[in-house]
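Can you make the complete structure from the sequences, with help from the hints?
Quick mapping for you: the protein sequence lines, in order, are chains A and B.
The first sequence begins at 6 in the working numbering and counts up one residue at a time.
The second sequence begins at 3 in the working numbering and counts up one residue at a time.
Among the hints, erroneous ones may be present.
[To be verified] Capping the alpha-carbon separation at 27 Å, the derived lysine-lysine pairs in BS3-like fashion look like this:
1. K282/A / K379/A
2. K283/B / K308/B
3. K194/A / K384/A
4. K235/A / K153/B
5. K318/B / K217/B
6. K217/B / K239/A
7. K282/A / K110/A
8. K324/A / K188/B
9. K239/A / K275/B
10. K86/B / K275/B
11. K300/A / K282/A
12. K219/B / K239/A
13. K324/A / K379/A
14. K86/B / K42/B
15. K300/A / K379/A
16. K193/A / K379/A
17. K37/B / K308/B
18. K142/B / K235/A
19. K204/A / K193/A
20. K239/A / K142/B
21. K219/B / K308/B
It is worth saying that the hints were derived from the structure and are not from the lab.
Every value quoted in this text rests on a predicted model; they were computed, and no experiment measured them.
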Amino acid sequence: MKRNKILPQAITLLFIVLIFGFFTMNAQINMENRGIEFGFGFLKQEASFDIQFSLIDYDGSHSYARAYLVGLLNTLLVAFIGIILSTLLGIVVGVARLSPNYLIKKTAAFYVEFFRNIPLLLQIFFWYFAALRALPMPEDANLLLGSSFMTIKGLYTPAPVWENFDIFFTTLILALILIFFVNRYAKKKQEEEGKQLPKFLISLSIFIGLPLLTFLAGGFDLSFSFPELKQLAKTSYTYEGGMGIPPELIALTLALTLYTATFIAENVRAGIQGIGKGQKEAAASIGLTPGQVLKLVIMPQALRIIIPPTTNQYLNLTKNSSLAAAIAYPDLVLVFAGTAMMQTGRAIEIVAITMATYLSISLAISLLMNWYNKSIAIKEK
Amino acid sequence: MKKTIKNLFSMFAVIAMVFAFSTEVMAAKKSKTLKNTQKKGFVRCGVSQGLPGFSNADASGNWTGLDVDVCRAVAAAVLGDSGKVKFTPLSAKERFTALTSGEIDILSRNTTWTLSRDADIGLTFVGVNFYDGQGFMVRKDSGITSVNDFKNGISACTNIGTTTELNMRDFFTSRGISYEPVAFEKADEVVAAYDAGRCDTYTTDKSGLAAQRTKMKDPTAHIVLPETISKEPLGPVVRQGDSVWEDLVRWSLYVMIEAEEYGITSANADSMKTSENPQIKRLVGAEGELGAAFGLDNEWSLRIIKQVGNYGESYKRNIADTGILPDRGPNQLWTKGGILYVAPAR
Chain A
6 MKRNKILPQA ITLLFIVLIF GFFTMNAQIN MENRGIEFGF GFLKQEASFD IQFSLIDYDG
66 SHSYARAYLV GLLNTLLVAF IGIILSTLLG IVVGVARLSP NYLIKKTAAF YVEFFRNIPL
126 LLQIFFWYFA ALRALPMPED ANLLLGSSFM TIKGLYTPAP VWENFDIFFT TLILALILIF
186 FVNRYAKKKQ EEEGKQLPKF LISLSIFIGL PLLTFLAGGF DLSFSFPELK QLAKTSYTYE
246 GGMGIPPELI ALTLALTLYT ATFIAENVRA GIQGIGKGQK EAAASIGLTP GQVLKLVIMP
306 QALRIIIPPT TNQYLNLTKN SSLAAAIAYP DLVLVFAGTA MMQTGRAIEI VAITMATYLS
366 ISLAISLLMN WYNKSIAIKE K
Chain B
3 MKKTIKNLFS MFAVIAMVFA FSTEVMAAKK SKTLKNTQKK GFVRCGVSQG LPGFSNADAS
63 GNWTGLDVDV CRAVAAAVLG DSGKVKFTPL SAKERFTALT SGEIDILSRN TTWTLSRDAD
123 IGLTFVGVNF YDGQGFMVRK DSGITSVNDF KNGISACTNI GTTTELNMRD FFTSRGISYE
183 PVAFEKADEV VAAYDAGRCD TYTTDKSGLA AQRTKMKDPT AHIVLPETIS KEPLGPVVRQ
243 GDSVWEDLVR WSLYVMIEAE EYGITSANAD SMKTSENPQI KRLVGAEGEL GAAFGLDNEW
303 SLRIIKQVGN YGESYKRNIA DTGILPDRGP NQLWTKGGIL YVAPAR
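Given below as structure tokens:
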């Protein structure tokens, strides 16, 4: 009986190993025939090309490995911003679709149907080329929020200049730890005595108050450097100082967010609609406020429906960010699977590394979301 | 048992036949690529996605250009018909992989000959069909007239995966100018972004700048700066490891250049057979056995000249008459002050 179970498994395993071995050998023989070498030594070579936008210190004298890291961080940056913004927008639109207000409901429905039915690449091109052309040249730009400029060359905002940033950072960590203990104490108190402390208000005041106190005591200092118009030639200008956010990043984030938020909105709507009306009524009948009904009864159950498909959307957004190459945002695909691959000619190695990287990012997001999903799932006892 | 032995015998017979066949092919001194090309009936040629003057398709899908003519010359030599070419448009990023993986047999796509490309990644450059150099384009009204006018903070649009990106860094770094490189995957997007005002300058090979300028909203609003910041010898590339094919592509190009040197054109090629000059007679196949070295007949070079024309005709048709670069500059014969100098076909 046991043998019957092992044999098919062993045959399947053998089959997989053979197929894998066949492809490896095939690739090896063909590469040898064509005089292509295999190896990862190139990662240490000097990259000798520059990258437009980097979160870490980088120029062409750094290695290909460093260029890879720059691309990876740029991909993570756009994925991170995209996930946060599309989640927020998705929740708002999802709730709006269930609004009793006819106008709000229809506007939300129109937005969802419009943006999810147009190919993403087209949307990226639209936001980059159509919206870009509509923006003013640097010299004609108007002030935005007092100190920023939105131009065809990007968004220029004041940059914070920190003094003793580490002290500020430590204070922030301390505040978070303090908030954690306050919340634990509040929960204990509620369980033991049934009293509710204003947790949110206390937390917020700690979070703002502690850094503010250190600032007033002179522990750290914060000032801003403002962007200033600079003339490059007779009719060409740019901004100097401050922080410049390239239009490629803005267009990409905008397109990814607007596209993915439609799917998340549908998930949110499905989640809320999936909870029976009776739940809400029952919760109200035992005296919970509407806020408590949503927080304690509806959301915990709705989340179980919302989280798994939303995880998929997060993965999609991360993978879709590779379309960045079309509009010159220096993400992993453009920098590493683009320029670096061309300069070194190491197609197999670089594509393998890039695939492994995307796989790792996706698995990490999955793992995180699964862990979260488990923590909110029904705990059967 | 008897059946097994019989089977075994027939297997041996098959193996013996295969061996006999392969030795015969080897004796014919044909390369694998050449043999495949003759079997398929067309030359597989990788070109650009649209660079006027070099490789560009018209509305009905006919490819023309200086780079295209190299592939047409090979088709004329090998298959007797310059039209028997299958063109594959490739991005800068895809081109080498397409060649090394065997999807195409000639890469004729304004590709710069460099040491690392030639020696490192399974490619062999066969020659130079255009001597180019990298330059900068700016808007005329910007008042910039030389690269010396560039200031810190300038943004430069270009393509990824080309030597352009590396030259640009060398240029700006050596001058201590900080710049913002904006690198796109496709040339059309570079042009669109530069034209919209995203960048202050557009940099690529000067021939490319001249060609792309024709695609802009108002071509006269842009100028190419006089400085050339790099050497860009552009030429066809083949896979490493098939020396007969490599020689064949090289000499198809050289025949075009040498034909111009000796004044042989597509119009007078036939009448040149009776020429007094033995080198002319060799080029039109009336003397010598030049084709035999490739396993071809003796009129291979005559077909190239008759069907595609000499280098000068190709240049005039594709680059000069289209207004891209009327002045041949370094791409003039060595006898007329240029640097086109090829080994003699004899």
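So, going through the hints one by one against the coordinates:
no.	hint	result
1	K282/A / K379/A	25 Å, holds
2	K283/B / K308/B	14 Å, holds
3	K194/A / K384/A	24 Å, holds
4	K235/A / K153/B	10 Å, holds
5	K318/B / K217/B	20 Å, holds
6	K217/B / K239/A	25 Å, holds
7	K282/A / K110/A	19 Å, holds
8	K324/A / K188/B	21 Å, holds
9	K239/A / K275/B	61 Å, violated
10	K86/B / K275/B	26 Å, holds
11	K300/A / K282/A	15 Å, holds
12	K219/B / K239/A	21 Å, holds
13	K324/A / K379/A	24 Å, holds
14	K86/B / K42/B	10 Å, holds
15	K300/A / K379/A	18 Å, holds
16	K193/A / K379/A	24 Å, holds
17	K37/B / K308/B	24 Å, holds
18	K142/B / K235/A	19 Å, holds
19	K204/A / K193/A	12 Å, holds
20	K239/A / K142/B	10 Å, holds
21	K219/B / K308/B	38 Å, violated
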